[in-house]
Amino acid sequence: MPAVMTPGAPPISGDTVYVQPKKRGRVAYWLLLPGMLWLFIFFVIPLFSLFVTSLQEPLGATPSAGYGPGFRFANYTDALTTYTPEFIRSFVYAGLATVLCLVISFPLAYFIAFKAGRWRNILLVLVVAPFFCSFLIRTYAWKTILADDGFITSFFNALNVLPDDRILATPIAVVFGLTYNFLPFMVLPLYASLERIDPRLIEAAADLYAKPWTGLRKVTVPLAMPGIVAGTLLTFIPSAGDFINSALLGSPRTRMVGNVIESQFSRDAYPTAAALSFSLMAVILVFVFVYIRRAGTEELV
Amino acid sequence: MAKKSVSTGNVEDLHLVQLVKEYGQSRAVDDLSLTIPAGSFFALLGPSGCGKTTTLRMVAGLEDPTSGRVLVGDEDVTMKRPYERPVNTVFQNYALFPHLNIEDNVAFGLKRRKEKDIGPKVADMLELVELTPMARRKPSQLSGGQQQRVAVARALINRPDVLLLDEPLGALDLKLRRQMQIELKRIQVEVGTTFVHVTHDQEEAMTMADTVAVMNQGRIEQMGSPEEIYELPRTAFVANFLGQSNLVSAKVVDRDGDRIVVDAHGSRWAMPTGRSVQTEGSVILGVRPEKLRVERAGGGTRSDGNVNAVNGIITDVSFVGVSTQYMVITEWGQELIAFEQNMASGDRLRTGDDVSLSWEVQHCFGLSGDDSVDAGVGGEILGVGLRPGHGASANATGE
Numbered sequence: 000m001p002a003v004m005t006p007g008a009p010p011i012s013g014d015t016v017y018v019q020p021k022k023r024g025r026v027a028y029w030l031l032l033p034g035m036l037w038l039f040i041f042f043v044i045p046l047f048s049l050f051v052t053s054l055q056e057p058l059g060a061t062p063s064a065g066y067g068p069g070f071r072f073a074n075y076t077d078a079l080t081t082y083t084p085e086f087i088r089s090f091v092y093a094g095l096a097t098v099l100c101l102v103i104s105f106p107l108a109y110f111i112a113f114k115a116g117r118w119r120n121i122l123l124v125l126v127v128a129p130f131f132c133s134f135l136i137r138t139y140a141w142k143t144i145l146a147d148d149g150f151i152t153s154f155f156n157a158l159n160v161l162p163d164d165r166i167l168a169t170p171i172a173v174v175f176g177l178t179y180n181f182l183p184f185m186v187l188p189l190y191a192s193l194e195r196i197d198p199r200l201i202e203a204a205a206d207l208y209a210k211p212w213t214g215l216r217k218v219t220v221p222l223a224m225p226g227i228v229a230g231t232l233l234t235f236i237p238s239a240g241d242f243i244n245s246a247l248l249g250s251p252r253t254r255m256v257g258n259v260i261e262s263q264f265s266r267d268a269y270p271t272a273a274a275l276s277f278s279l280m281a282v283i284l285v286f287v288f289v290y291i292r293r294a295g296t297e298e299l300v
Numbered sequence: 000m001a002k003k004s005v006s007t008g009n010v011e012d013l014h015l016v017q018l019v020k021e022y023g024q025s026r027a028v029d030d031l032s033l034t035i036p037a038g039s040f041f042a043l044l045g046p047s048g049c050g051k052t053t054t055l056r057m058v059a060g061l062e063d064p065t066s067g068r069v070l071v072g073d074e075d076v077t078m079k080r081p082y083e084r085p086v087n088t089v090f091q092n093y094a095l096f097p098h099l100n101i102e103d104n105v106a107f108g109l110k111r112r113k114e115k116d117i118g119p120k121v122a123d124m125l126e127l128v129e130l131t132p133m134a135r136r137k138p139s140q141l142s143g144g145q146q147q148r149v150a151v152a153r154a155l156i157n158r159p160d161v162l163l164l165d166e167p168l169g170a171l172d173l174k175l176r177r178q179m180q181i182e183l184k185r186i187q188v189e190v191g192t193t194f195v196h197v198t199h200d201q202e203e204a205m206t207m208a209d210t211v212a213v214m215n216q217g218r219i220e221q222m223g224s225p226e227e228i229y230e231l232p233r234t235a236f237v238a239n240f241l242g243q244s245n246l247v248s249a250k251v252v253d254r255d256g257d258r259i260v261v262d263a264h265g266s267r268w269a270m271p272t273g274r275s276v277q278t279e280g281s282v283i284l285g286v287r288p289e290k291l292r293v294e295r296a297g298g299g300t301r302s303d304g305n306v307n308a309v310n311g312i313i314t315d316v317s318f319v320g321v322s323t324q325y326m327v328i329t330e331w332g333q334e335l336i337a338f339e340q341n342m343a344s345g346d347r348l349r350t351g352d353d354v355s356l357s358w359e360v361q362h363c364f365g366l367s368g369d370d371s372v373d374a375g376v377g378g379e380i381l382g383v384g385l386r387p388g389h390g391a392s393a394n395a396t397g398e
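Protein chains in written order, with numbering that gives the first Met the number 0: chain R, 0 to 300; chain Y, 0 to 398.
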């Protein structure tokens, strides 16, 4: 689906990159070739085509009249001014979902890495288990579960804690959906980096007068930083461009930029959709760049 | 040994009282009671799995004892968390924080205790371990020996009452290990802190420690100064684990003043009563290989009141530089080992030669006849890397 286009995520790996001594022969380039070809045909060309589309000029008053080649940079300013709320909403929802994912995943990944013992593999399988069922179907399922007459909504209504007396079609449902759907992408990289921490380092921190909480803050979290960065990126980037959760669990008042792009494309307003896609990509790239700089884990990229 | 207390506060004795640690059915540490005097360099020596590391971890608070108590001075720390104890550890493989530079690693403990003047203290400590130029480096940029010194500095800077060292030299190569043994000893003398050193390397224990406790199966077999334990082992395990020994099963047949006379496979040997654990019934007579004299049969010494002797045939000669190691098979088929200094010139003994082995009565030690002659064989052999020919000793407990 072209509307949910997100930039190619940077190559993420929890491992430190070891630079090999200069021994690269021609073989390395041959091995790279298929990947480069793939990237060129399915990323560079479409990206270029998207950019060209984003600058097209309308041939008539309505989108149905079609578009011709041009250099209409106003497409960008028009799209961005018109859809500013959706843009902001996307980043707010994605940010909230990322924070929630981190808060839920860290203790879970910590438990799996250090305390689970022989249950470790079973727990990991359980984390990945939702992937055995389609993303779309699971989100539809939540639509039913969170429905106004469902037991969850009734329960919270009985406690009288819901601002709109409902969950479905509110920002709560959308952020929840994003959190739910992208949780494994946070848990797995976090687990991978926590699991690599030598437990003796945590013992050493305790031996050197660090209370458990201080040890966590000064030793465990810094050492898990590559996993935290990878996990937040893997959650934030797709969340920001997502439209399924808002479409199924939200309402017109929770529209995200992905929803706008999707509807613009389906209404044949290609330049606007392309301009929005391109802007989203640019903002995310800037965000990722700044974030990685701030997090100080250059080894990640 | 003269100790000047440079930078320690109050140094306290460490007491372990009836310490027990059980993992499921097995007892890793079995009713261990021990007092380690303040300011001493104490080595816990034993093969892997003897419970020495578990003991250390219970002192550090990283492991909870099943029963028993740990006291530092008069203070019972058994129930205290690791960060509440006046004890610091140098971990096996060092456990340096990879994300912090050397300075921050060393300062870690002081920062947690919110001490003042951390900067100068860290600088002094880096000076002590001769790592001042490395202050800004990350642990991964240091060599093994340097990392080891950082680990010592990081623990010592907190002025613990007791410094625990868990196989601190295990990851270093032989030459560096010798160097670090001297270095650690120097640091200990300089700061005067109690060091408790866990190791499976008997040479390391003997070189460095004032007091060595030999541990086996969760218990302390024998404790004392290195000389004491080496010259007068009280169990076959200690005799074999700490250096090498020739152990021969024998029966006490007579008493002669302060001597007992034993019959070993037909040979009558004497041994000082005071040097034998047991003075009746079956015993094991032991003698260290360097105490044996190897001479050509015929011209050799005979057993009399002061010397014990036995005849045999040389089965193996190994030249190891400072000494030559002979394997000699006796009439009853046991191989004895003898080290001779390379003093003599000319007539050299060869495999197949008939020889007589002799040693002074005062060098004998007697062990309980219930011990196994092979107990503890497999520990590292002193100095030389060679081992006696019989198969039982082929499996070294490397860690």
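Read the hints as simulated data drawn from the structure, not as lab findings. Honestly, I wouldn't trust all of these hints.
Here are the simulated EDC-like pairs of lysine to aspartate or glutamate, each with C-alpha atoms no more than 16 angstroms apart in a straight line [claimed, not checked]: (1) Y:Lys79 / R:Glu202; (2) Y:Lys137 / Y:Asp172; (3) Y:Lys137 / Y:Glu83; (4) R:Lys217 / Y:Asp369; (5) R:Lys210 / Y:Asp209; (6) Y:Lys290 / Y:Asp369; (7) Y:Lys250 / Y:Asp369; (8) R:Lys114 / R:Glu56.
Here chain R is said to cover these stretches of chain Y; the calculated rule only asks that three of the stretch's residues, wherever they fall, bring their Cβ under 8 angstroms from a Cβ of chain R [said to hold, decoys possible]: (9) 84-91; (10) 106-112; (11) 354-365.
Just so you know, even glycine gets a beta-carbon here, dropped at the ideal spot from N, CA and C.
To see whether the hints hold, each was checked on the structure:
1. Y:Lys79 / R:Glu202: OK: Lys79 (chain Y) and Glu202 (chain R) at ~14 angstroms, within 16 angstroms.
2. Y:Lys137 / Y:Asp172: 22 angstroms, violated
3. Y:Lys137 / Y:Glu83: Violated, because 28 angstroms separates the two Cα atoms, which is more than 16 angstroms.
4. R:Lys217 / Y:Asp369: 55 angstroms, violated
5. R:Lys210 / Y:Asp209: Distance of about 34 angstroms is beyond 16 angstroms: violated.
6. Y:Lys290 / Y:Asp369: 25 angstroms, violated
7. Y:Lys250 / Y:Asp369: With Cα atoms ~12 angstroms apart, Lys250 (chain Y) and Asp369 (chain Y) stay inside 16 angstroms; holds.
8. R:Lys114 / R:Glu56: 60 angstroms, violated
9. 84-91: holds (count 5)
10. 106-112: holds (count 4)
11. 354-365: Coverage by chain R is violated for the stretch 354-365 of chain Y (0 residues, Cβ < 8 angstroms).
In the structure shown, a violation is registered for the earlier hints numbered 2, 3, 4, 5, 6, 8, 11, in ascending order.
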